[in-house]
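Engineer: The chain contents come next:
Number of protein chains: 2
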Amino acid sequence: MKNKLVTLLAAAIGLTAVGLASPDLKARQTVQTEVLDEIKQQVSQSTLSYDIVESLTTEVGPRMVGTPGADLATGWAVAKMKSLGFDKVWTEESQAQLWQRGDLTASITAPYPHKLVAIALGGSVGTAGKTVEAEVAYFADLKALQEAPEGSLQGKIAYVGYRMERHIDGHGYGKAVGARVIGASAAAQKGALAFVMRSVGTDTDRIGHTGMMRYEEGVKKIPAVALSNPDADLLENMLRRDAPVTFSLNTNASGPTGKTVTIANVIGEVTGAQTPQEVITLGAHIDSWDVGTGAIDDGIGIGIVLAAGHYIANMKQRPARTIRVILFAAEEIGLVGVRDYVAKHQDEMPRHMLGAEWDFGNGRIYQLEPGVGPAALNSVRDFANYLAPMGVSLAETNTAKGQSDMSVLGEAGQPAFNFAPDGLDYFDYHHTENDTLDKVDQDAIKVNTTIYTLFAWYAANSGVDFRL
Amino acid sequence: MKNKLVTLLAAAIGLTAVGLASPDLKARQTVQTEVLDEIKQQVSQSTLSYDIVESLTTEVGPRMVGTPGADLATGWAVAKMKSLGFDKVWTEESQAQLWQRGDLTASITAPYPHKLVAIALGGSVGTAGKTVEAEVAYFADLKALQEAPEGSLQGKIAYVGYRMERHIDGHGYGKAVGARVIGASAAAQKGALAFVMRSVGTDTDRIGHTGMMRYEEGVKKIPAVALSNPDADLLENMLRRDAPVTFSLNTNASGPTGKTVTIANVIGEVTGAQTPQEVITLGAHIDSWDVGTGAIDDGIGIGIVLAAGHYIANMKQRPARTIRVILFAAEEIGLVGVRDYVAKHQDEMPRHMLGAEWDFGNGRIYQLEPGVGPAALNSVRDFANYLAPMGVSLAETNTAKGQSDMSVLGEAGQPAFNFAPDGLDYFDYHHTENDTLDKVDQDAIKVNTTIYTLFAWYAANSGVDFRL
Numbered sequence: 038m039k040n041k042l043v044t045l046l047a048a049a050i051g052l053t054a055v056g057l058a059s060p061d062l063k064a065r066q067t068v069q070t071e072v073l074d075e076i077k078q079q080v081s082q083s084t085l086s087y088d089i090v091e092s093l094t095t096e097v098g099p100r101m102v103g104t105p106g107a108d109l110a111t112g113w114a115v116a117k118m119k120s121l122g123f124d125k126v127w128t129e130e131s132q133a134q135l136w137q138r139g140d141l142t143a144s145i146t147a148p149y150p151h152k153l154v155a156i157a158l159g160g161s162v163g164t165a166g167k168t169v170e171a172e173v174a175y176f177a178d179l180k181a182l183q184e185a186p187e188g189s190l191q192g193k194i195a196y197v198g199y200r201m202e203r204h205i206d207g208h209g210y211g212k213a214v215g216a217r218v219i220g221a222s223a224a225a226q227k228g229a230l231a232f233v234m235r236s237v238g239t240d241t242d243r244i245g246h247t248g249m250m251r252y253e254e255g256v257k258k259i260p261a262v263a264l265s266n267p268d269a270d271l272l273e274n275m276l277r278r279d280a281p282v283t284f285s286l287n288t289n290a291s292g293p294t295g296k297t298v299t300i301a302n303v304i305g306e307v308t309g310a311q312t313p314q315e316v317i318t319l320g321a322h323i324d325s326w327d328v329g330t331g332a333i334d335d336g337i338g339i340g341i342v343l344a345a346g347h348y349i350a351n352m353k354q355r356p357a358r359t360i361r362v363i364l365f366a367a368e369e370i371g372l373v374g375v376r377d378y379v380a381k382h383q384d385e386m387p388r389h390m391l392g393a394e395w396d397f398g399n400g401r402i403y404q405l406e407p408g409v410g411p412a413a414l415n416s417v418r419d420f421a422n423y424l425a426p427m428g429v430s431l432a433e434t435n436t437a438k439g440q441s442d443m444s445v446l447g448e449a450g451q452p453a454f455n456f457a458p459d460g461l462d463y464f465d466y467h468h469t470e471n472d473t474l475d476k477v478d479q480d481a482i483k484v485n486t487t488i489y490t491l492f493a494w495y496a497a498n499s500g501v502d503f504r505l
Numbered sequence: 038m039k040n041k042l043v044t045l046l047a048a049a050i051g052l053t054a055v056g057l058a059s060p061d062l063k064a065r066q067t068v069q070t071e072v073l074d075e076i077k078q079q080v081s082q083s084t085l086s087y088d089i090v091e092s093l094t095t096e097v098g099p100r101m102v103g104t105p106g107a108d109l110a111t112g113w114a115v116a117k118m119k120s121l122g123f124d125k126v127w128t129e130e131s132q133a134q135l136w137q138r139g140d141l142t143a144s145i146t147a148p149y150p151h152k153l154v155a156i157a158l159g160g161s162v163g164t165a166g167k168t169v170e171a172e173v174a175y176f177a178d179l180k181a182l183q184e185a186p187e188g189s190l191q192g193k194i195a196y197v198g199y200r201m202e203r204h205i206d207g208h209g210y211g212k213a214v215g216a217r218v219i220g221a222s223a224a225a226q227k228g229a230l231a232f233v234m235r236s237v238g239t240d241t242d243r244i245g246h247t248g249m250m251r252y253e254e255g256v257k258k259i260p261a262v263a264l265s266n267p268d269a270d271l272l273e274n275m276l277r278r279d280a281p282v283t284f285s286l287n288t289n290a291s292g293p294t295g296k297t298v299t300i301a302n303v304i305g306e307v308t309g310a311q312t313p314q315e316v317i318t319l320g321a322h323i324d325s326w327d328v329g330t331g332a333i334d335d336g337i338g339i340g341i342v343l344a345a346g347h348y349i350a351n352m353k354q355r356p357a358r359t360i361r362v363i364l365f366a367a368e369e370i371g372l373v374g375v376r377d378y379v380a381k382h383q384d385e386m387p388r389h390m391l392g393a394e395w396d397f398g399n400g401r402i403y404q405l406e407p408g409v410g411p412a413a414l415n416s417v418r419d420f421a422n423y424l425a426p427m428g429v430s431l432a433e434t435n436t437a438k439g440q441s442d443m444s445v446l447g448e449a450g451q452p453a454f455n456f457a458p459d460g461l462d463y464f465d466y467h468h469t470e471n472d473t474l475d476k477v478d479q480d481a482i483k484v485n486t487t488i489y490t491l492f493a494w495y496a497a498n499s500g501v502d503f504r505l
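Respectively, the protein sequence lines represent chains A and B. Sequential numbering from 38 applies to the first sequence in this note's numbering. Sequential numbering from 38 applies to the second sequence in this note's numbering.
Be careful, since some hints might not be right.
Repeated chains share a single entry, so a pair holds when one copy, or any two copies, can fit it.
Claimed, not checked - Okay, derived cross-link-like pairs now, DMTMM-like style, lysine to aspartate or glutamate, Cα gap no bigger than 20 Å in a straight line:
(1) Lys77 x Asp478
(2) Lys119 x Glu91
(3) Lys296 x Glu253
(4) Lys152 x Asp140
(5) Lys227 x Glu170
(6) Lys152 x Asp108
(7) Lys227 x Asp74
(8) Lys438 x Glu448
(9) Lys353 x Asp124
(10) Lys258 x Glu170
It should be emphasised that the hints constitute simulated quantities derived from the structure, not laboratory data.
Make a model of the complete structure from these sequences and hints.
Structural biologist: Now the structure itself:
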């Protein structure tokens, strides 16, 4: 009933009717052309999303939880959303664990001394004011480390040399990141003094990749650091020779401090004209690592979803449903902000109709995978057909649960669209000093912003219940 | 007379006769095929030159004048040349000025604070134990800085934003490097407190490019630093806004210390069998900057010329002339080692018959430009014809004076071959932390080593006087 009503209303006021089970395909497509084409034409010419990334990276920069940049970013986002014409803008505060990077020096001390470029993993403890120096034990990957005999790493530094693979969908990350997350505790269980790994990254820059790690309960906490890929090569070239290789590490990374800091999700809404209680979510995360300026991760996402909200807020027609743009806090340290969001919005979760996140950088979208109810698929196919000339194919599967932060909303029942961009270069910059504005593809971000704006409009006005 | 004799000798023992003005082209080409093809087949299969770079970068690493690595490199090179079968190996010591980099921090302090990635230019003074903080004055290039009114930079930090162009022959370097060399004194003459510039480099990495600068006599010495390209972008984006931008710099770079350190050219010879007093030189430089491991600049050169010497030393036939491989010291800080070489070898300079340097990194050789006497050109054309199937064209000009160190030998009268490799990526890594082994193109170095070995053999056995 509700859907029928929305359909009638939408038709009455000339809204797009993509996805309605209309018998008159031609008439329906005419409506698409009128509204979606108007969005497409306007957005695809605009540099707004790039300008937003420029503003964020220039006026704020890095914004790791617990740093001044994180608070600056909150203020920046509120002001930006207001200036972009959102109907409502607010923040939702919660608490996250504080971790501090401090300084770090790493070197090979024998047989051939070299200073190394390394970076502490997020959450790592330091070396307690001392320098740890020990022989390196090499492991090809996490599994090999886990299979090392008990006690075999006593007095040694464990090194995992697994090299991340480059793939368009970034699935090399999943194969590599396990060592980062649980490698330190795996090494500590065998007696290691410290855990060193090849950066989880596809570049060849003398820049380390950070990222979150976790200590297993009851296992000794040892320092965890990543070498830049060229430094990992150097270490491995040395290990291939006969002599033992000794490694020296000094870091005052804080480890778990037990302290918490206030974080804030920043939320902006374009209120729906027909069913404002029904929410379409567009997500990105506002925090970044402290290295780089977080242009790629996730400045681009912020640019895309704020721009999409802006365009829809400024259309003559109002969206039927509410479009809610959420900049989630503390994504990098474990999806903290979105969990708080779900807890706070439990009551309205059933009215979260559909969501999409942008947290995968630069490339052009090549695929849309839905995660919707079967009755909604016809409409999704119509929308995908509309996107097809922009190079977007519809995945054969319908299993999307939401990307990054949105995965937590997916667990909470929100249907999702996963847009897959070409991620070939994403892990060149991910979590590094190299994540800066110049890496943003100014053509691709226009196309992707256009698609997200089309998505938001479609989702808000299709009248489809994406859960059914 | 001498040349005729060599010709006859060469013919008698089956040496290649490339370049002899033989009326029987076919017979001559048969000789080419036999000896040069043998070299080509052997060398093009071998990884020796890459293995040498691997050894140097792993066992020595960076080797800036005045650092322990420089002395390590001397010992490494002597041992390597001996193990490679050179007939004679020796060092020639001299003195070079000591400069020490120290530490550096740079940041934008207003209107939006950012830590910056910057690097002191070679030779720069420091900030005398204090932090220099001042408003930034922007200049598009060195010329604009030089045209600033007298006194207009009083109390300011001068910034030159010129962005190096990428070209296959690297000529963008010449257009950009002037600011690096004389920008500090140009800024000081207008009253500036410090000189900051966009790195001379074509990359977009968060890594600064160092390189030598010079202070003008009688002008106040002010600190000179280069920003990484992304940091230069950030600074310029901020300068485009309305508010004044203030910059903070702290460096304890030593400036000219007045102290000298011992440097050493390392020289290895394959002694000529017919006219050993006639010398063919193959050059590269043994020093590097302290950042990176000097794989590209000039580890590749060292790998190529040592491998070329090795192959010829191990041929059944001995070269007619002597092949002298010279690893010049202190190239980076102003061609110091080669000047000492010329001074020490003044007497035998007239018997330096032809030379070639490798100091341009990675790319495949696409061109040969000679700088020889007109009578030698026919022979050079024949040799170039032999190389043509390997993708090497002969330049229309005959004005080569020698590259890098060899330019000083060129000034001293030595004829030269300038081999031009594709240098499109050279300035991505030049003088940076990113100059590491993984950047070495393992296919290209085989081809280039083959060409240099062919060159050495040809030059040593052609019998041509390249000065005539």
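Engineer: None of the hints should be skipped; say for each whether it holds.
Structural biologist: Hint by hint, here is what the structure shows:
no.: 1; hint: Lys77 x Asp478; result: within (19 Å within a copy, 44 Å between copies)
no.: 2; hint: Lys119 x Glu91; result: within (18 Å within a copy, 56 Å between copies)
no.: 3; hint: Lys296 x Glu253; result: within (19 Å within a copy, 54 Å between copies)
no.: 4; hint: Lys152 x Asp140; result: both (14 Å within a copy, 14 Å between copies)
no.: 5; hint: Lys227 x Glu170; result: within (17 Å within a copy, 50 Å between copies)
no.: 6; hint: Lys152 x Asp108; result: between (35 Å within a copy, 17 Å between copies)
no.: 7; hint: Lys227 x Asp74; result: neither (61 Å within a copy, 56 Å between copies)
no.: 8; hint: Lys438 x Glu448; result: within (7 Å within a copy, 70 Å between copies)
no.: 9; hint: Lys353 x Asp124; result: within (14 Å within a copy, 86 Å between copies)
no.: 10; hint: Lys258 x Glu170; result: within (17 Å within a copy, 41 Å between copies)
Consistency with the previously given hints fails for number 7 only.
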